[in-house]
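Produce the complete structure using the sequences and hints provided.
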Amino acid sequence: MSLSEIAIGSRGSALALAQAKLVLEALRRAGHKGRVVIIETEGDRRSPDTAWGEGAFVAAIETALLAGEVDIAVHSAKDIPTEEDRRLRIAAYLPRADPRDALVVRREIHAGSLADLPPGSRVGTDSPRRTRFVLARRPDLNVHPLHGNVDTRLRRLDASETDALVLACAGLDRLGLGGRIAERLDPETVPPAPGQGAIAVQVRADDLRLLAVTSTIDEPGARSSVEAERAFLTASGGGCRAPIGALATIVDGELDLLGAYASPDGARAAFGHRRGPVGSGEDIGRELAAELDTRAGIQ
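Each residue of the sequence shown is one higher than the last, beginning at -9 in my numbering.
Bear in mind the hints are in silico, worked out from the structure with no lab data behind them.
Note that beta-carbon positions come from the ideal geometry of N, C-alpha and C, so glycine has one too.
Any given hint could be a false lead.
Unchecked claim - Ranges of calculated distance between the beta carbons of each label pair, as one might list FRET restraints:
#1 A8 x E74: 23 to 31 angstroms
#2 R97 x H134: 14 to 22 angstroms
#3 S205 x R265: 22 to 30 angstroms
#4 D242 x S205: 20 to 28 angstroms
#5 E15 x P267: 26 to 34 angstroms
#6 D106 x D208: 37 to 45 angstroms
#7 E151 x A260: 27 to 35 angstroms
#8 E(-5) x D196: 17 to 25 angstroms
#9 G169 x G269: 34 to 42 angstroms
#10 T142 x S103: 22 to 30 angstroms
#11 N132 x R25: 41 to 49 angstroms
#12 D273 x P108: 38 to 46 angstroms
#13 G58 x L7: 16 to 24 angstroms
What follows is the structure, encoded as structure tokens:
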């Protein structure tokens, strides 16, 4: 297949297709045509009431990419396992959306923030990270498993299966649902997953033409931030389902990394910051992980 029509592998959920569309638009602005190829993943086939494991939304798309069924793959950066396939490369990160988590509250619950939720309120999430950080701040809440795509979880909220949800701001914003957000949670309260809000474009490592093409849509600031966050996660010994949060921002020409972990019972959380040159993000991530002794925090 010529580069005039780049096959873009994506999941078929509304959010995944919205992200694939952003990649398609970026490629078109760079002078390339493309089309989206929908690939069903293990995460898509799971029961609505079961949690997903590491790589559940990524593996099938990577397999199709390696087989040449698609030319590039589009992922939510937070879903990519820490141990990446060396035959593949993240060739581009698009400009990052809001990386924070969002509190969405059932309309009948009059609360505009996490602090305002009445004691005993039910908070639904499919994330161990969100569960533990929410409990570390509000141990009086009833945080319970609630799975499904964004639209499924919102329907379950509106059906009174829970009182509130914690979701990614980026997903809600990209679906035009930012108006449902009651509070964009402070990362010092609930730190986002490493890579949250970033769209990763993956290419075969030996495909020099597509590596060159996709490099033109790479946003250096997003790359520096995500690579620092993922280095922190990897050095901590955790995967994308671990109760570990990280957020890197570029402030006054330097990279500032927030890293955090929560204990298994949510009884405590530890936060740390480290700052340094933008080009040293991975070193900053490893150093902060060692400083926080994150491994002890997730055992």
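Structure-based check of all given hints:
1. One distance hint, 23 to 31 angstroms for the beta-carbon pair A8 and E74, holds here, with the actual separation near 24 angstroms.
2. Distance hint check: the CB atoms of R97 and H134 are about 19 angstroms apart, consistent with the given range 14 to 22 angstroms.
3. Our hint of 22 to 30 angstroms for S205 and R265 holds, since their Cβ atoms are close to 28 angstroms apart.
4. Between D242 and S205 the C-beta distance comes to about 27 angstroms, which sits within the given range of 20 to 28 angstroms.
5. Look at E15 against P267: about 32 angstroms separates their beta carbons, and that is inside 26 to 34 angstroms.
6. Range check, D106 to D208: Cβ separation about 40 angstroms, and the 37 to 45 angstroms hint holds.
7. Between E151 and A260 the beta carbon distance is about 32 angstroms. The supplied range of 27 to 35 angstroms therefore holds.
8. As the Cβ distance of E(-5) to D196 is approximately 20 angstroms, the hint placing it in 17 to 25 angstroms holds.
9. At about 39 angstroms, the beta-carbon gap between G169 and G269 stays in the expected band of 34 to 42 angstroms.
10. Under the hint 22 to 30 angstroms, the C-beta atoms of T142 and S103, about 25 angstroms apart, fit the expected range.
11. For N132 paired with R25, a C-beta distance near 45 angstroms keeps the hint of 41 to 49 angstroms intact.
12. Take D273 and P108: their Cβ atoms lie about 45 angstroms apart, and the range 38 to 46 angstroms holds.
13. In this structure the hint that G58 and L7 lie 16 to 24 angstroms apart at CB holds, the actual value being about 22 angstroms.
Figure legend: structure checked against the earlier numbered hints; every hint is met.
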